[in-house]
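Residue numbering for the sequence shown is 1 to 260, as defined by full-length UniProt numbering.
Just to be clear, a hint being listed does not mean it is correct.
Said to hold, decoys possible - Cross-link-like lysine-lysine pairs, in silico, DSSO-like; alpha carbons within 30 Å at most:
#1 Lys122 with Lys198
#2 Lys105 with Lys198
#3 Lys14 with Lys28
#4 Lys28 with Lys122
#5 Lys14 with Lys198
#6 Lys45 with Lys28
#7 Lys45 with Lys14
#8 Lys45 with Lys105
#9 Lys14 with Lys105
Unchecked claim - Derived CB-CB ranges, DEER-like:
#10 Ile2 with Gly232: 17 to 27 Å
#11 Ala142 with Ile2: 35 to 45 Å
#12 Asp93 with Pro193: 18 to 28 Å
#13 Ala216 with Asp246: 31 to 41 Å
#14 Ile2 with Asp120: 43 to 53 Å
#15 Pro146 with Ala92: 40 to 50 Å
#16 Thr8 with Lys198: 20 to 30 Å
#17 Pro123 with Val219: 18 to 28 Å
#18 Asp120 with Met1: 44 to 54 Å
#19 Asp59 with Tyr89: 20 to 30 Å
Just so you know, the hints here were simulated from the structure itself, not pulled from any lab data.
Even for Gly, the Cβ is constructed at its ideal location relative to N, Cα and C.
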Amino acid sequence: MIEILSPTELTRAKDTGALVADILHTLKGRSTVGTNLLDIDRWAKAMIVEAGALSCYVDYEPSFGRGPFGHYICTAVNDAVLHGRPYDYTLADGDLLTLDLAVSKAGVAADAAISFIVGDAKPPESIAMIDATERALAAGIAAAGPGARIGDISHAIGTVLSEAGYPINTEFGGHGIGSTMHQDPHVSNTGRPGRGYKLRPGLLLALEPWIMADTAELVTDADGWTLRSATGCRTAHSEHTIAITDDGADILTLPQQMRP
Numbered sequence: 001m002i003e004i005l006s007p008t009e010l011t012r013a014k015d016t017g018a019l020v021a022d023i024l025h026t027l028k029g030r031s032t033v034g035t036n037l038l039d040i041d042r043w044a045k046a047m048i049v050e051a052g053a054l055s056c057y058v059d060y061e062p063s064f065g066r067g068p069f070g071h072y073i074c075t076a077v078n079d080a081v082l083h084g085r086p087y088d089y090t091l092a093d094g095d096l097l098t099l100d101l102a103v104s105k106a107g108v109a110a111d112a113a114i115s116f117i118v119g120d121a122k123p124p125e126s127i128a129m130i131d132a133t134e135r136a137l138a139a140g141i142a143a144a145g146p147g148a149r150i151g152d153i154s155h156a157i158g159t160v161l162s163e164a165g166y167p168i169n170t171e172f173g174g175h176g177i178g179s180t181m182h183q184d185p186h187v188s189n190t191g192r193p194g195r196g197y198k199l200r201p202g203l204l205l206a207l208e209p210w211i212m213a214d215t216a217e218l219v220t221d222a223d224g225w226t227l228r229s230a231t232g233c234r235t236a237h238s239e240h241t242i243a244i245t246d247d248g249a250d251i252l253t254l255p256q257q258m259r260p
């Protein structure tokens, strides 16, 4: 299903996107050396509930997972990259942490993810990976607009990631979003320009470049959810929800200090 949102729904989508961005920004500030992943999950729950919103994850039960996800946020550390299920782990200096959050409010969902280094250590290879996903995300957003095609976004993202020297996995990528978290169209992180669904104003997309340092192969944890690099290498993931407008694309999940 592909949804095209009305102007009223788009206004609600902006509110949801702002909530997601602000929660992620707050959680990043709290995620310091010694923080437990389960504390991050509890903080996310408290902020979602206080805002009168709903988690898109707690009851999420797709075919690739094992039962309901059961948590309010995805927390992926180092070699984990997608669907990181929070567990009893204390963050250490230099850990590469990805927080991925999807929330629904007033019937509209928004989804975003950030990767960052915990503590004072700044491993250059990890910084480079995060930077590559952020640049790829910016390129994908720049390629989005009315009349463009999904393949144009995929090509823009894939070009940045490939030129940075990273393998690209095509099993998981971006997606449509609206009244539910995951919808058509699928947005691969590499592709051919001029192909795929033509973008229309009112379409919401969650674009999410993610990479693993030296492999495109994923393995699944014993928890049935957390996806890790097959080689144990580090990973990074950046995501925004955007709305296609009459003259381009608006980023709905910018933190407050970055909003126009």
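Now for the hints, and whether the structure bears them out:
Of the pairs offered as hints, the one joining Lys122 and Lys198 is violated, with about 41 Å between alpha carbons and a cut-off of 30 Å exceeded. Taken as a hint, the Lys105 and Lys198 pair is honoured in the structure, with Cα atoms around 27 Å apart against an allowance of 30 Å. Distance check on the hinted pair: Lys14 and Lys28 sit about 21 Å apart at the alpha-carbon level, within 30 Å; holds. Proposed proximity of Lys28 and Lys122 is supported: the alpha carbons are some 16 Å apart, at most 30 Å.
Distance restraint check for Lys14 and Lys198: the Cα-Cα separation of roughly 22 Å lies within the 30 Å cut-off, and the hinted pair is therefore satisfied. Distance check on the hinted pair: Lys45 and Lys28 sit about 15 Å apart at the alpha-carbon level, within 30 Å; holds. Annotation: proposed proximity of Lys45 to Lys14 holds, straight-line Cα distance about 20 Å (limit 30 Å). Between Lys45 and Lys105, the direct Cα distance comes to roughly 14 Å. Compliance with the 30 Å bound is thereby established for this hinted pair.
Taking the CA atoms of Lys14 and Lys105, the gap is about 10 Å. The hint holds against a cut of 30 Å. The beta-carbon spacing between Ile2 and Gly232, approximately 38 Å, falls outside the hinted interval of 17 to 27 Å. In this structure the hint that Ala142 and Ile2 lie 35 to 45 Å apart at CB is violated, the actual value being about 22 Å. The beta-carbon spacing between Asp93 and Pro193, approximately 42 Å, falls outside the hinted interval of 18 to 28 Å.
For the pair Ala216 and Asp246, the supplied restraint of 31 to 41 Å holds, since their beta-carbon distance comes to about 37 Å. Our hint of 43 to 53 Å for Ile2 and Asp120 holds, since their Cβ atoms are close to 45 Å apart. Range check, Pro146 to Ala92: about 46 Å between beta-carbon atoms, so the 40 to 50 Å window is met. The supplied range of 20 to 30 Å is met by Thr8 and Lys198, whose beta-carbon atoms lie about 24 Å from each other.
Separation of Pro123 from Val219 is about 22 Å and conforms to the stated range, judged on CB atoms against 18 to 28 Å. A beta carbon spacing of about 46 Å between Asp120 and Met1 agrees with the range 44 to 54 Å that was offered as a hint. Between Asp59 and Tyr89 the Cβ separation comes to about 24 Å, which falls inside the hinted range of 20 to 30 Å.
Violated hints, in rising order: 1, 10, 11, 12; the structure is consistent with all others.
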